[in-house]
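A.B. asks: Listed in order, the protein sequences are those of chains A, B, C and D.
Quick note on the numbering used here: the first sequence kicks off at 327 and runs consecutively.
Quick note on the numbering used here: the second sequence kicks off at 2 and runs consecutively.
Quick note on the numbering used here: the third sequence kicks off at 2 and runs consecutively.
Quick note on the numbering used here: the fourth sequence kicks off at -9 and runs consecutively.
Keep in mind that the hints were calculated from the coordinates and are not lab data.
Here the structure is a predicted model, which means the values were calculated and not measured.
One should not assume that every hint holds.
No more than 20 Å apart at the CA atoms, straight line, and that leaves these computed lysine to aspartate or glutamate pairs for EDC-like [as the list claims (entries may be wrong)]: (1) C:Lys13 - C:Asp127; (2) D:Lys202 - D:Glu296; (3) B:Lys9 - D:Glu214; (4) A:Lys455 - C:Asp129; (5) D:Lys319 - B:Glu114.
From the derived model, a few chain C residues whose C-beta atoms are all more than 12 Å from chain D [to be verified]: (6) Gln25; (7) Asp79; (8) Phe293.
Here a beta-carbon is modelled for each residue, glycine too, at the ideal position from N, C-alpha and C.
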Amino acid sequence: MPNNISFYIFAVGVLATATAAMRLRNPVHCALAAAAAFAGLAVIYFQLDAEFISFAQLLIYVGAISILVIFAVLLTRGSDIQPGVELASPHWLTGLAIAVLVAFVIAVPVCSSSFGEKIAPKMTVAPVKLIGEELMTRYLFPLETMGLLLTVALIGAAVIALREPEESEIRNPKSEIRKQPTTEELVAEVQP
Amino acid sequence: MLGSGIIKGMVETARNFFGSYVSRERLTTVQYPEQQLAPHENARTIPLLVYDGDMEHLRCTACGICEMECPAQCIYIVKDTVKKSDYLGRMQFQPRVFDIDISVCMACGICAEVCPFDSIMMDQVFALSTQNRFSGLLLHKEDLAKANGYFHAIHPSDAGDIDARRDEDKRKAEAKAKAAVAAKAAAAIKSSEASAKQVEVAA
Amino acid sequence: MNNLDQIFVYAKYWLLSQLPGGVQSLVSIVLDIIAIIAVFGTCFALTTILERKGLGRIQNRYGPNRVGPCGLLQPMADAIKMLTKEDIVPFAADKVVHYLAPLVLTVPIWLAFSVIPFGREMSAIDLDAGVLFFFAVGGASELAVFMAGWSSRNKYSLVGAMRAIAQMISYEVPLVLATIPVIMLSGSLNLNKIVEAQSGYAFGVAQWNVFTPWGFAGFFLFLIAATAESNRSPFDLPEGESEIIAGFLTEYSGFKYALFFLGEYLGLFAVTALSVTLFLGGWHAPLQVLEFLPSWFCFFVKFAAIIAVFIWVRGTVPRLRFDQLLNFSWRFLVPLTLVNLLVAVVWHFTSLGAGLDQSLRWLISAAMIVPAYVYFGRALSPNRPTRIYQYAE
Amino acid sequence: MTALAEPPVMHEAPPSGTIWRLAEDRSSFAGPTDDRAGGLPDHDLLEVALGPHHPSTHGVFRMDVVLDGEEVVRLKPVFGYLHRNHEKIAEKNSYLAAIPYTDRLDYICSMTNNWAYVMTVEKLTGFQPPERAEYIRVIVGELTRLFNHACLVGFLLQDMGALGTPLMYAFREREKILDLFESLSGARMMCNYMRFGGVRCDLPDGWIEEAKQVVAEFPRFLDEFEALLTGNEILLVRSQGIGVLSKELAVNAGVTGPMLRASGVGYDLRKVDKYSIYPRFNFRIPLGQHGDVFDRYMIRLLEMRESLSILKQALDTIPAGPIVDPKAKQRGLRPKAGEAYGRIEAPKGELGFYVVSDGSPNPYRFRIRPPSLINLTVLEDMCLGHTIADVVIILGSVDIVLGEVDR
């Protein structure tokens, strides 16, 4: 299959960029490498005829998640790794344990499925319409749960963001500076 | 309602867009090298030195008033050693060196204003860029000297007034000179008569 | 008529038929790519010159008219100048990222054109999820802008990049939300099917989406969001030259700058082409009597008209402030697009055998969208009393 | 752009103590930057130097702005980049030779600069300009005010990001007035037109008619301008409530001109000093209430209409007669020892000249009170709490010309 060659190219690319995302010293570089890895994954999905997933991957991971990661990196001050600091965390053993656990959780359903049995799929391309119908019928409950969860997260984020000005008021030297009178104050002052 | 102001503004720009195709009022651009506006008569750029007849007859007498009054002090004059007769026949110095550094000159026209000899006037040339910013922008007497005819062409009414005045002066001077000559002649006759008388008396 | 309409398609097949069967599919792809690059590259060149001339006329001047006849060769002169300029990379810049940013911006944008039907039978790929693909490849531009701004190591660049990202993310929401009614009512994410859904004529006038209440509102909402999405005035804050020099482009010069310039215009073209496809009936002629016109001609006329509107707006309005820009998106565009979604639903269900009069349907829709427009418009700029100026004698 | 990050040289031994102290002061001003995090400072504050090479600082003006996000918490105006030693040159030159230099103060309004200076010298010498000269001065002064305000609005909108459309319209009208100036004085901008006790040359034939036509057509332009701008929602939200300058602060800081009047103080030297022949004309002084950018914009539009009314009256009633006081002497002027302060209501505010004479042919002391500079002193007070985009338009609404600020 000619697809195989390009698959391997992209697979190697994804692995390389994913490694780069872990190993690079500059967190912004890491984030950009992660974005590249996401994009490579999208291409692989596309090759597997999973159009919808591929585009969703691009839209959400490249367009949104990686931007979010970058924002997080930039907003976290002093997150730069100083030269000489060991890249690996001292808690690497814990990390390894978690990684193994995650791999196991993923591996169990994969192995129990018909993966690797080389059965020709019933449908080569999943039409978007079908995905929509399935989401709205069979997977309605998970979908709604996820929606609820995200809404809660959104509201929570908004609440956290709203509270910030009071905190910054204390920290900033802004309060020491002459405050600009508002228009109402001015009017009150001007009127005898 | 939101957006009404922007729509009003867009109507205005659309009017200007179409208007620029039909009305000279709106499209006032002059496409310079091809189209050129005639300069206003009063327009001034750098100074020039007026001469009557040929280059040897500059009106300038190297009096140095412009040099003194120039706000930017961009004029440099050296008097000649010999005098020449001016239009009234008086013997006047002429400048041996008359330099204007037009990279310093700010075209204010004060030199022309203070000149008592109607010599330094304001030119209307404006394409003055040169290859060399030092020597190219230091104008000498030869570059600055312009014929009275040229001055007439750029400032007709000023030049006309000045010429009329100068003609008047000249006429007066000639009359005066004539009178002086006549007087002299009369005096000469008188004296000759007197001497003749004396001769007679002596005889 | 049919020949002229399909002239490019026939030309392509004729060319393919001259080739051995093995390479035909590959050559077909290459031909599509060349066609898109050639057409939109020319569009880019033409738009830069026509935009400057149009803006010039709006401002009562000629605009560029020195190079070639009527100044039409100005883009060539610009290109030569851009390509021969020194490529300056700041000393402190992150060189790799600085180098990659213009590529990351420009390359995916070309992909977006592949799903747009430019005429009858004239779309490069017929993707089932074409709309989704369009927005997906558009997502990379945010990343590119960030890369440009961050790698320049310039505060203006960084501020510009931050503005650009916040703006693009904020306006992507109304942009997609304005698209959703179209997708819902035509029942497909496939752009060809969306165009097909707008075929047919009622009383000799085309049945485009823009001639429905939800389509009309949606079209304008989409255009506003598209203006912001492509960083055009009045939403050109990322490059707000009076505030932050040139935003994320501050440290770019020469060819890289030209690439960014190209990318910006291509983004504009892509989103304009999408708006034509979604709301203006794609390549369909506006009137039945005009059906003899080639489909691609109809498409590009509409396309040019929308670009002209963008230029017109650019020549008129000042720039918004950043917080106002975000407020405009979240407090005005997003709620309105949501209301519009509701309007679309109502429109859809009133047609289902309810036998409602067409004018009544319009009335219901207008009753939903107009008060919402007024209300959110008011809320955006709360009580601004008319100012009265006094005179001292 | 000067980043706060210390340049590499700084790590070596300092050449002198002063430079180091400055650097230390600055580090307390806003924290050191961490360059590898993309120029973001380690603290919350970001210092940005707007200018001197910035598209919208109206010349070579610099504002050291300290930002919290996009909000200004400190702003330090830095000027002097265009200092040309004007006052000292004037003290070295004769009285007459100072006139062309005053053209270059506020190089947009050379006529009013001339006027303020010759008025001061007239006070010193007692020359009395004849009637016709006073009329000519009022006419050119008000024409100057017209195009200064029109251009200011254009510049302001340019700062707001309007791509120069209003500016080009303003320039279109300005050209017409500059043409008038050229045919009158010989130069479009550097007019050098006023003289002690009068003006340099009389109006050319047909000038009055041309001026009348320009004045008659100007309201159409103002209407266009207002249709394009005044109702524009973007302009409204950008300018209303931005850069508020209170009455008290404006008075205390010595702010004058349209800025002061936009803050609601009815102070116009044309009314207060009653100089020249202004009392003969019927005109009003528009006042703002809020003192924000929008009021400053509107006050200028309204003032243009008042100027037009003055111009109409002056052009209709201009008498014939001499244009220079016969007693006046231009060259080699040696006023009696003494001092004089002359001021006029220039388009930008109170333009004053203070000249001390010791009886010699050149002034002993020559001092200018430039409205642009004095109006600029309240910049920080107006900008605090606004975003960087607002700073640009607040600066634009002050109406400065760097030639006058730095002199």
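A.B. asks: The structure should be examined with respect to each hint, and the outcome stated for every one.
C.D. replies: Against the structure, the hints:
1. A threshold of 20 Å between alpha carbons decides the hint, and for Lys13 (chain C) with Asp127 (chain C) the separation of about 17 Å falls inside it, so the pair holds.
2. A threshold of 20 Å between alpha carbons decides the hint, and for Lys202 (chain D) with Glu296 (chain D) the separation of about 15 Å falls inside it, so the pair holds.
3. Only pairs whose Cα atoms come within 20 Å are accepted, and Lys9 (chain B) paired with Glu214 (chain D) is accepted, the gap being roughly 10 Å.
4. Annotation: proposed proximity of Lys455 (chain A) to Asp129 (chain C) holds, straight-line Cα distance about 9 Å (limit 20 Å).
5. For a cut-off of 20 Å, the pair hint linking Lys319 (chain D) to Glu114 (chain B) stands: about 12 Å separates their Cα positions.
6. The beta carbon of Gln25 (chain C) is kept farther than 12 Å from every beta carbon of chain D, the shortest such distance being approximately 49 Å.
7. The Cβ of Asp79 (chain C) sits about 18 Å from the closest Cβ of chain D, beyond the 12 Å cut-off, so the non-interface label holds.
8. Annotated as non-interface, Phe293 (chain C) keeps its C-beta farther than 12 Å from every C-beta of chain D; the closest such distance is 40 Å.
When held up to the earlier numbered hints, the structure conflicts with none and fits them all.
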